[in-house]
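Make the full structure from the sequences, and use the hints.
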Amino acid sequence: MSIFTIPSSEVLIQGILSGILMGFVYALIAAGLSLIFGLMEIVNFAHGEFLMLSMYTTFWAYALFALDPLLSVPLSAGVLFLLGWLTYRGIIRRILGGPMLAQIFATFGLGIFLRAAAQFLWTPDFRQVSKAWVQGPVRILGVSVGLPQAVASVACLAAFGMLYWFITRTETGFALEATAQDRQAAALMGINTERMFALGWGIGAACVGVAGAFLANFFYVFPHVGSLFALIAYVTVALGGFGSIPGSLVAGVIIGVIEVLGGLLIAPAFKYVAVFVLYLVVVLVRPQGLFGKF
Amino acid sequence: MPPGEGVEVADAGAGVVAPPSARTGWGTIFLAILLVAALAFPWVFRLPYHRDLVIRVFLYAMLAQAWNILAGYCGQISLGHAVFFGTGAYTSAVLQTTWGWNPWLGLLAGVPVAVALSQVIGYPCFRLRGHYFAIATIAIGEIVQTLAINWEFIGGARGLTLPFQKDSLLAFQFHTSKYPYYYVALVLLVLCLLVSWWIERTRLGYYFRAIREDPEAAQSVGIPVARYKLIAMAISAAFVSAGGSFYAQYVLYLDPDSVLPLSLSILICLLAVVGGVGTLWGPLVGAALLIPLSEFTRIQFGGTGRAVDLLIYGGLLTTVAVFQPAGLVGLLRR
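Chain order of the listed sequences is A and B. Positions 8 to 301 (the working numbering) are the ones given, in order, by the first sequence. Positions 7 to 340 (the working numbering) are the ones given, in order, by the second sequence.
No lab work stands behind these hints, which were simulated from the structure alone. These numbers come from a predicted model, not from an experiment. Built from N, CA and C at the ideal position, the CB exists for glycine as well. Treat the hints loosely; a few may be bogus.
Unchecked claim - What the simulated footprint calls covered on chain A by chain B, stretch by stretch (three residues with Cβ under 8 Å from a Cβ of chain B suffice, anywhere in the stretch; the number is not a length): (1) 17–27; (2) 63–77; (3) 95–106; (4) 269–277; (5) 281–294.
This is the structure in structure tokens:
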């Protein structure tokens with residue numbers, strides 16, 4: 008095991024920048040999870056598999072119809088919205104208010120099922136979008152980062168902004184927020200809470216639909232790809248505060264940077280250990296996270 | 007927490023709490039037949055393959071039952087039980103390869119190590135509830151696996167190979183017939199079932215269920231909630247660790263990917279949940295159905311990497327969680 012190593016400042020700056028860029032992608036993935044949790048206090052343990060499916064959607068659109076990943080963003084978001092909506096209607100609706108065990112294992116089972124289904128249909132092979140429009144490096148602030156990463160990062164930040172705008176500035180967004188705060192009161196005000204829950208699942212899944220399409224630009228696509236992102240998303244949501252959308256953004260960036268710093272300062276093998284230790288520290292020391300409400 | 011939360015779980019456990027006085031006679035006879043069948047099995051089925059299959063059923067049933075003590079009775083859903091399995095496997099293997107300990111002593115030594123670890127993990131983590139606790143146990147599992155991969159002393163990612171020895175009870179190796187392995191696994195399972203049965207009928211079980219239903223209410227009537235969660239964790243970890251040591255001695259090779267992965271933690275819960283969580287027979291029923299099922303699909307679709315067993319497992323897990331939280335055992339009881 009290696010002890011702490013001190014990288015050069017150039018490497019450090021490069022690392023931090025790419026950490027921040029990745030952080031925006033984590034933030035969008037976590038925002039979807041957080042939105043769902045805020046609405047009904049259910050953790051979607053199939054979130055990583057949702058991401059995996061969005062990456063496959065993008066990959067197959069590319070492989071079969073030569074659709075560039077940038078163009079398949081709406082497609083992927085739409086497919087995932089539908090998946091989220093159906094998951095709510097088919098599964099989640101029935102376990103609301105059920106025992107904790109059912110709440111955890113219903114989505115956990117769905118995750119296992121989707122992962123196995125992907126492996127069954129498309130084999131465990133690693134696949135890749137080989138000739139995307141955006142590729143190669145780009146120089147930002149004097150350090151070079153991958154162009155696909157930069158595009159993914161900016162796009163996820165933009166999508167995040169749109170999500171935030173939608174929730175805080177539109178009529179439907181208010182209704183979602185009201186449902187999250189008190190579902191009985193919201194129902195009394197004439198809000199169709201059932202619809203809001205389904206919408207929340209749709210939007211939450213569409214977030215990973217967007218993130219997945221951009222990730223497919225530079226990440227291998229395989230049935231287990233979602234697991235790691237999902238674990239990071241849980242940590243992000245815990246750090247930002249379960250149910251807090253702005254919290255996800257700050258936490259996503261922090262985790263992106265910590266992941267890189269953990270890899271640079273300790274050892275690459277330990278970068279996720281740093282992230283998981285962070286989760287434990289946060290939930291034990293400040294269980295409500297940075298921006299949590301309770 | 008929504009109202010109704012504990013209610014369904016209470017129903018799930020209700021049949022267990024009440025001593026079934028009316029069918030005790032039949033129950034005892036059925037149990038006796040089951041035990042005789044289990045004892046006679048290796049003498050009827052002489053192929054090592056069948057013995058191996060049933061050994062795995064016993065092992066996983068025992069692991070699932072041990073998880074059930076913590077999660078089913080006491081309501082603390084751990085998704086990181088592979089940590090204790092790995093602790094048992096590695097403790098016995100390292101003691102044997104490095105210091106030449108007898109494997110039986112290694113198995114016994116693994117138990118206090120795993121129990122100590124369970125207390126170190128449980129002490130802070132039991133302050134967390136529901137999802138937070140479940141995710142924390144995943145995080146710990148991942149941390150421990152990464153540490154094991156990078157710890158050269160215990161073989162790192164290469165793993166450990168245990169020396170191949172001549173068949174003998176003392177060496178814990180029975181390659182030609184496998185049936186002593188069978189009986190060791192059976193004894194572990196019966197022991198675990200007996201302990202669960204005893205828990206169900208003593209104050210411990212009532213405390214555990216009270217904590218599961220409502221920790222605050224349990225606290226308010228004077229149950230030391232934190233201490234009893236730790237007790238449940240200790241009992242659970244002890245059995246899982248023994249199972250891990252058994253696995254190491256049975257397979258004679260272990261690496262972080264085989265004894266510490268998240269997928270093992272999940273398999274353990276899955277068997278218990280599908281079979282019937284919080285019940286005495288659920289985990290055994292789950293293992294008895296799902297382990298052979300996995301074996302069967304592997305034969306049918308072998309080598310294709312299609313993960314058909316996981317497809318079925320995942321579908322079953324969701325279906326059971328949504329429609330029948332009491333598991334297959336609950337279905338039978340209706």
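> Which earlier hints turn out false for this structure, listed by number in ascending order?
Replying inline: Violated hints (numbers, rising): 1 and 2; every other hint is consistent with the structure.
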